[in-house]
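Asks: One letter stands for each residue in the lines below.
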Amino acid sequence: YASGQGGNEVLVVATTTSLEDTGLLEEIEAAFEAKYPNIDMQVISAGTGIAIEYGKRGDADIVLVHDREREEELIAEGIGTERNPFAYNYFYIIGPSDDPAQIRGMNAAEAFIKIKDEGEENPDLVEFISRGDDSGTHASEKKIWDATGLDYSKTIQTGKWYVESGKGMGDTLMIANERQGYTLSDSGTFLSFKAETQLEILISESEELLNVYTAIPINSNLVPDTNIDAADKLVEFLLSSEGQKIIEDFGIEEYGQTLFTPLKNGPKPINYI
Amino acid sequence: MSEIIEGIYQAINLILTLNPEMLEITLRTIYISLSSTLFATIIGVPLGGLINFKTFKGKRGLVNIIQTLYSVPTVLVGLFVFLLISRAGILGELNLLFTPTGMILCQTILIMPILVGFTINALSGVEKNIEDLAMSLGANQFQTIYTIMKEAKYALMGAVILGFGRAISEVGVALLIGGNIRGFTRVITTTISLETSRGNIALSVALGIILMLIALVINLILNIIQEK
Amino acid sequence: MSEIIEGIYQAINLILTLNPEMLEITLRTIYISLSSTLFATIIGVPLGGLINFKTFKGKRGLVNIIQTLYSVPTVLVGLFVFLLISRAGILGELNLLFTPTGMILCQTILIMPILVGFTINALSGVEKNIEDLAMSLGANQFQTIYTIMKEAKYALMGAVILGFGRAISEVGVALLIGGNIRGFTRVITTTISLETSRGNIALSVALGIILMLIALVINLILNIIQEK
Amino acid sequence: MYLLEIKDLNKKYGNKKILENINLKVKTGINLGLIGPTGCGKTTLLRLIDLLENPTSGKIIFDGINTSYSKKDKLQIRRRMGMVFQKPLTFKGTVFHNVAYGLKIRGENKDQVQEKVYRNLELLGMDEYAERNAASLSGGETQRMALARVLVTEPDLLLLDEPTSNLDPLSREKIEELILQLKKENKTTIIMTTHDLIQGQQLSDEIVILNHKIFQIGKPEEIFRKPQNQFVADFVGVKNVIQGQAILTSEKLTMIKKGNITLYSSEKGNGKVFASIRPEDISLSLEKLDNSSLNKLKGNVIQIEDVGAIIHLKVKVDSEIFTVYMTRKSFLDMNISIGETLWLEFKATGVHLFQ
Amino acid sequence: MYLLEIKDLNKKYGNKKILENINLKVKTGINLGLIGPTGCGKTTLLRLIDLLENPTSGKIIFDGINTSYSKKDKLQIRRRMGMVFQKPLTFKGTVFHNVAYGLKIRGENKDQVQEKVYRNLELLGMDEYAERNAASLSGGETQRMALARVLVTEPDLLLLDEPTSNLDPLSREKIEELILQLKKENKTTIIMTTHDLIQGQQLSDEIVILNHKIFQIGKPEEIFRKPQNQFVADFVGVKNVIQGQAILTSEKLTMIKKGNITLYSSEKGNGKVFASIRPEDISLSLEKLDNSSLNKLKGNVIQIEDVGAIIHLKVKVDSEIFTVYMTRKSFLDMNISIGETLWLEFKATGVHLFQ
Ligand SMILES: Nc1ncnc2c1ncn2[C@@H]1O[C@H](COP(=O)(O)OP(=O)(O)OP(=O)(O)O)[C@@H](O)[C@H]1O
Ligand SMILES: Nc1ncnc2c1ncn2[C@@H]1O[C@H](COP(=O)(O)OP(=O)(O)OP(=O)(O)O)[C@@H](O)[C@H]1O
Ligand SMILES: [Mg+2]
Ligand SMILES: [Mg+2]
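Chains as they are written, first to last, in our numbering: chain W, 1 to 273; chain V, 1001 to 1228; chain L, 2001 to 2228; chain F, 3001 to 3355; chain G, 4001 to 4355.
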């Protein structure tokens, strides 16, 4: 089937790469278009920054992102109508299996401090690969650094151990694999890449690692020509039991485990506001 | 390197099974890249001809600028066109963003300098006297240019093939302007880039091989055209 | 379009303030793209010369394949070299992945077909008789080829400039093989791509303008060399 | 009527004056020979006439139309002319394609093109070559093709730049006949350059001697018999030129003195003049004969040159050397050898004077 | 010694035989003229000799070395030869650069290059052009530059393909002198093609008449006086050729009959033969004279052609037309006009027989 044909109403969805790369949106698109045959859902996956830019310029009708601060900014500017969290998962702290900084069992903030200390001491052995691209994942990394009490912008200047890849998640994982360094990854991308790397999940399910995906329709009053109706329908669909079921089941077939937890129907994460 | 063998295997498989989605992406890839090449050729070659044959002040500088544009990064062209055709842009009304038409527009702009520049290169290789010969035999300006182009057709076809190569292999514009929308603007290169970021390296290699096969077939066809 | 004006403004600003990070990225960009162009020229031009002058079976086919390689997507070359030089690859020992050296290697491979192909194009434009003239005057094979290259230097320089343009504007290889690591393999195009994904369009435009300025200066220098 | 008028034409390349002050009128239907040494501007002049180059100053008027005015008319005028270039030039492709070119761009229909091309190729003995790759033709074949290429368009003015330089004598003769026929049957006006003086003389109604400037315009016999100046005399190979002091002795006779030599001419002259005697106007005898020739000079044979049909002798008279032509037969009959003393005789009407 | 030997050489382009069974020996130091009609394979033969092309079969032996064997020797051999191409060819750049080329690639030092280039340019009157863009030269200038370009390398064997076709008579004479001088002073062996039969005759020690095959090899006078076959006779312009029936009447005399014409020749012949009489060997008289000439024919003047130095007459005798040359002087003295009846006389030694 091709979504370019049939539909006479177009819904442009700008999304961060992690949702598209896992393949979740493909399934959602299929189901959504089956339900609304006259809507053609078009998914644009891009970095968080440019995805939001697409929204601001009216090129997208709805954005799916995972960066709370910027999401709230968007609402505050009146460009987004409202945040609709529809799924979550946890970031993983990934690293070489011999775990040279010995962070296994720690929480995220502790692990970051350990990596920094070991890295400053022994930059040939311990490295942290940051996406450094202002993506949702990068924003979460910064939040964790904030939680350690260290000043982020000073921390990253402290030596060779902190490497900025400036790239997407998949590429950053490849770099981490090549350099045998640590990194922060969303679960979906890591599971896709696991086979290609010799890296392991060292820390998961720490409180700071929560990763919430939100759908924000673009305000048609402020940004003309956007298809707010279809956007609302997509939100409605994502939060419907049908949509939530798709999210819940996604990944079992391919990875033997779920990648996302539905936020409306599923169990709420700890300390979720 | 096992991924390469795996990639070849998958490529054969994709071709043999005639995967409908693959077929659709392939046809779109051909459509978009051929269209951009066609437009860029129709505009760029005569333009190059004009620049080559006219003597004017600053010609040298103009050629330098055109050659400099060989270096224009696709993202820059992409951004430029994006700003132009995004809803907030001057041509926002036309709704060209995230459409194949937008991609064709942008790729046409992208490969234009190559076609203009190499047209100039190709034509300047033709003996000056051939121009005189054509004119002396009564050719008007257009016919003269056409004649010289025929003399340089081998080099010109090289430029066209290069332009096509750049268009079909290009990914920056395809992503930024096309958006890699499945079933609508997804082409082979953007699929490769998606599959790579998904970690499906063998599949990427397979797609790359298919792209090369398409390019080979089209080059052969262009070469046959040139022979005539 | 305000981003473009903003971009120009930022570009001027970046240049005037001599931002050290910007300077470093710029120098690296020039280093990597010039090196690849140099290597590709040193290998590709004589190779093209050889192919042009030898008559052998399947020559036509070989030229077709070379022209097809104009279409090779950078990601594909990137992937190929990646598989070669990544830890698990045959050349993994050399630790070339995510290094400038690796980038130079890969870009050299990437622009090689252009240099070989357009060398053939340029040389085949030289009158066959010039070859005879050189040989008749006692030129050996090498001198003959060199002479014909001098006759075609304008077209050859076009190919070199194009190769350079492709190298400096290229982003796929730079990302995949270089990795866009700050302070180590980050070049202008990868920075543009990063800033674009960050949504910093004006900054991307500014960087693009700087890239074009670099290309312009280098083209001017190449043109001066050609004149000699 | 004049088909072509050239007025005060000048052409410079850089600072180098190639053509200076050219004034020329070419009548419709005549055959004008353009003769001059290498690099004298012949090709340049033809290119200017064919409107391929712009004059530095001056006017070219074709059939009454000033070509420097009407830019748009240039094409129309050029289509009424045809030029065969000195340098052999071919379009890539077959001989047929080359010859058909001028017709195709004039939009003539296929059948007509086919017919005309073959007719003209035949005319030049090139019909068997129609499907050959033009680049592989020999020098002479290329030249004939180039002529066919121009003739198909039936030009009013034909510009030929050394059209037979690469041809063997037989082919050359054919082309020469063709040129004469064109003039006669098609009333084509022809301007041709040639280095072959005999050809120039045989084919041309009028000859222009050019060396950046025009040195003489005239009928062939005028040029060859009565060169107006030293340059023309030298160039057309007037052999026996003697510079001397002239005194008009009577209404009909000039006496010219140079050292011990005294010459009589039936042309008028005074002061410093050049006198020339055509070699074939001089007869030789072993003894001084008593006849009506006014000029009788005694000299020694210093060189004998066998040029096939004719023997060239150089005879030294006082400090001057005379060239004399004679048939092999009389040469053998007189049994002449080097060092021999001979008498040269020629009539006063055979002595031409110029400055 | 032979500098060049060609054995059983054949060259085809596709199915077309261009050269057939060429056998030729060229002695060191001689000047060989290569003459033949357009497209007869002259250029092809020179290119084969210069090792620019490979023969279809046969051998070319240069100075004792079989050139088809030793691939590596080819360059060395080619460096001992020099060729001036028929088609004007120039490298981009100045005249100096063009002429210096051969020396530079031989690695000669700068001063030497400078000295030799200027010496040779001067030799050809081109020294003022050294810094000019070679592409802007006129036809004749290009040809002279091409000659200089080859001469700087002082070749043992010089191959000249129509070296004077674009030159005016004066420049041509200079080049001809230069060629003779090269032969004399440098002992350069020269093979040159020419369409100018007079040039061929004057410059060559030996002449080859080529038309895909070799039709005759011989000294110029042999070729021009005693063509071995109809092709050569036609080609070198033997004018008066009569095909008749020959009977050997005595040891020293052959009688040839054609219609009412009877000719006597001092050469031997029998059966069907061609007889030729050189136009300048025929003398004319108004009445039948009583002298020793065996051949006396009566005819009518049908054409008078004025070719400058010499008058060409065509005289019809029975059904044959004879060409006769005479000087202007005797032409005027005899006051000949068209239709006039004349007697042609020539000796039996002037009648050459061939098949
Ligand atoms: N572009 C140019 N720049 C400078 N000089 C030039 C240029 N083109 C021609 N000339 C010179 O102008 C002169 C006349 O050239 P032209 O070709 O008209 O000579 P030509 O009479 O045809 O000689 P030829 O008989 O040798 O063909 C030559 O000396 C030539 O070198
Ligand atoms: N590549 C080719 N293919 C077919 N025929 C060819 C090729 N090259 C030359 N010929 C033919 O070979 C013949 C001999 O050519 P060549 O150039 O040797 O003649 P030439 O004797 O030098 O004539 P000219 O006096 O006209 O220069 C010509 O008829 C020419 O058309
Ligand atoms: Mg000329
Ligand atoms: Mg030839």
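These are calculated hints, taken from the structure and not from any lab test. For every residue, glycine included, the Cβ atom is placed at its ideal position computed from N, Cα and C. One thing to keep in mind: the hints can contain errors.
Below, a list of computed lysine-lysine pairs in the BS3-like style, where the Cα atoms sit at most 25 Å apart [said to hold, decoys possible]:
no.	chain 1	residue 1	chain 2	residue 2
1	V	1128	F	3016
2	V	1150	L	2059
3	F	3258	V	1054
4	V	1054	F	3183
5	G	4087	F	3092
Ranges of calculated distance between the beta carbons of each label pair, as one might list FRET restraints [as the list claims (entries may be wrong)]:
no.	chain 1	residue 1	chain 2	residue 2	range
6	F	3005	L	2140	29 to 35 Å
7	L	2090	G	4073	23 to 29 Å
8	F	3286	G	4243	39 to 45 Å
9	G	4027	L	2034	58 to 64 Å
10	V	1017	L	2034	31 to 37 Å
11	F	3243	L	2226	53 to 59 Å
12	G	4027	L	2141	30 to 36 Å
13	G	4012	V	1057	38 to 44 Å
14	G	4112	L	2087	55 to 61 Å
15	V	1142	F	3243	57 to 63 Å
16	L	2055	G	4027	33 to 39 Å
17	V	1127	F	3266	53 to 59 Å
18	G	4063	F	3122	52 to 58 Å
Residues from chain L shown here face chain V by an in silico Cβ test under 8 Å; the list is partial [claimed, not checked]:
no.	residue
19	2031
20	2035
21	2199
22	2208
23	2224
Asks: Now look at each hint and say whether the structure bears it out.
Replies: Structure-based check of all given hints:
1. For a cut-off of 25 Å, the pair hint linking residue 1128/V to residue 3016/F stands: about 21 Å separates their Cα positions.
2. Pair hint residue 1150/V plus residue 2059/L holds up; C-alpha atoms about 23 Å apart against a cutoff of 25 Å.
3. For the given pair, residue 3258/F sits about 62 Å from residue 1054/V by alpha-carbon distance, which is inconsistent with the 25 Å threshold.
4. Proposed proximity of residue 1054/V and residue 3183/F is contradicted: the alpha carbons are some 38 Å apart, above 25 Å.
5. Proximity of residue 4087/G to residue 3092/F is assessed by CA-CA distance (about 16 Å); at most 25 Å being required, the pair is judged to hold.
6. Between residue 3005/F and residue 2140/L, the C-beta spacing of about 56 Å breaks the proposed range 29 to 35 Å.
7. Taken as a hint, the range 23 to 29 Å is violated for the pair residue 2090/L and residue 4073/G, whose Cβ atoms sit roughly 44 Å apart.
8. The hinted window of 39 to 45 Å between residue 3286/F and residue 4243/G holds, with their beta carbons roughly 40 Å apart.
9. As the Cβ distance of residue 4027/G to residue 2034/L is approximately 60 Å, the hint placing it in 58 to 64 Å holds.
10. Separation of residue 1017/V from residue 2034/L is about 45 Å and departs from the stated range, judged on CB atoms against 31 to 37 Å.
11. Between residue 3243/F and residue 2226/L the beta carbons are some 57 Å apart, a value that agrees with the proposed interval 53 to 59 Å.
12. For the hinted restraint 30 to 36 Å between residue 4027/G and residue 2141/L, the CB-CB distance of approximately 32 Å keeps it satisfied.
13. The supplied range of 38 to 44 Å is broken by residue 4012/G and residue 1057/V, whose beta-carbon atoms lie about 54 Å from each other.
14. In this structure, residue 4112/G and residue 2087/L meet the distance hint of 55 to 61 Å, their C-beta atoms being roughly 60 Å apart.
15. A beta carbon spacing of about 59 Å between residue 1142/V and residue 3243/F agrees with the range 57 to 63 Å that was offered as a hint.
16. The beta-carbon spacing between residue 2055/L and residue 4027/G, approximately 36 Å, falls within the hinted interval of 33 to 39 Å.
17. At about 55 Å, the beta-carbon gap between residue 1127/V and residue 3266/F stays in the expected band of 53 to 59 Å.
18. Between residue 4063/G and residue 3122/F the beta carbon distance is about 47 Å. The supplied range of 52 to 58 Å is therefore violated.
19. A distance limit of 8 Å between C-beta atoms decides the matter here; for residue 2031/L the minimum to chain V is near 15 Å, and the interface restraint is violated.
20. The restraint placing residue 2035/L at the interface with chain V is violated, with a minimum CB-CB distance near 16 Å, outside the 8 Å limit.
21. About 11 Å separates the beta-carbon of residue 2199/L from the nearest beta-carbon of chain V, more than 8 Å, and the hint is not met.
22. The criterion of a C-beta within 8 Å of any C-beta in chain V is met by residue 2208/L, whose closest approach is roughly 3 Å, and the hint holds.
23. Here the hint on residue 2224/L is broken, as its CB sits about 11 Å from the closest CB of chain V, past 8 Å.
The structure shown violates the earlier hints numbered 3, 4, 6, 7, 10, 13, 18, 19, 20, 21, 23.
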